[in-house]
Amino acid sequence: MPKLSCYLTVLLLALLSGCSQTFERQTCVTLAAEVNYCLAPISQQVLGNGQQALSAMQKASIQTENNQHELLSQLELSQQQLTLVGLAPLGQALFTLSYDGQSLISEQSKLLGEQFKAEYLLAIMQLIYWPDNSINQHLEGATISNYSCDAALCRGLFFAKNDLNEITTSQQPFISIRYSNLAQWQAEVELKIPAADFQLNISPL
Numbered sequence: 004m005p006k007l008s009c010y011l012t013v014l015l016l017a018l019l020s021g022c023s024q025t026f027e028r029q030t031c032v033t034l035a036a037e038v039n040y041c042l043a044p045i046s047q048q049v050l051g052n053g054q055q056a057l058s059a060m061q062k063a064s065i066q067t068e069n070n071q072h073e074l075l076s077q078l079e080l081s082q083q084q085l086t087l088v089g090l091a092p093l094g095q096a097l098f099t100l101s102y103d104g105q106s107l108i109s110e111q112s113k114l115l116g117e118q119f120k121a122e123y124l125l126a127i128m129q130l131i132y133w134p135d136n137s138i139n140q141h142l143e144g145a146t147i148s149n150y151s152c153d154a155a156l157c158r159g160l161f162f163a164k165n166d167l168n169e170i171t172t173s174q175q176p177f178i179s180i181r182y183s184n185l186a187q188w189q190a191e192v193e194l195k196i197p198a199a200d201f202q203l204n205i206s207p208l
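Numbering of the sequence shown is given in our numbering, commencing with residue 4 and proceeding in unit increments.
No lab work stands behind these hints: they were computed from the structure.
Hints are not guaranteed to be accurate.
Here are the computed distance ranges between Cβ atoms for each label pair [stated by the list, open to error]:
| id | residue 1 | residue 2 | range |
| --- | --- | --- | --- |
| 1 | E27 | Q175 | 34 to 40 Å |
| 2 | K113 | T33 | 32 to 38 Å |
| 3 | A154 | A198 | 18 to 24 Å |
| 4 | L208 | A163 | 20 to 26 Å |
Derived SDA-like pairs (lysine to any residue); straight-line CA-CA distance at most 25 Å [what the hints assert, rightly or not]:
| id | residue 1 | residue 2 |
| --- | --- | --- |
| 5 | K120 | V49 |
| 6 | K113 | S64 |
| 7 | K120 | G53 |
Even for Gly, the Cβ is constructed at its ideal location relative to N, Cα and C.
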């Protein structure tokens, strides 16, 4: 037990110290074999209804095969800039992502290590909240589209075929997104990537 106590003390001190490092991240990610996505720019379509800015506080739960994590996020979106701040459940800052439509800067706690890939997190946020036409313009090897389900709204990423508009009921999305509300920013969201045993749940606060 003394070793465990010592470890927890060091971990707490590290959290309170606020040590961080800054990286310029890539803006293109691989979502599946032969499927690549480059971050789409910020557009008025994302804000909608003539809005000039949007602010959203959310709770996120991430579940993988062996782990489950929870964090709070504060998202600020304008026509020129997206800023996403991730907080531990007790309020410690874990990361701040800044995206201006071209470059992505990640200021993150050293505790996250180099395994934390900000570009993937932001890509997932865009898949959830950006309009289909914007995503599809920056998606290679797949297409995103609505499909029928028992939720208020479902969107999915489907592997591309000869006709990107031809999505049959027999096809299953390799990434599925379910919304409890047609107003996506106000909805409970569930995103699943079965092949990676990954599930993300987002609740607005």
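task: Report the numbers of all earlier hints that the structure fails to satisfy, in ascending order.
output: When the structure is compared with the hints, numbers 2, 4 and 7 turn out to be violated.
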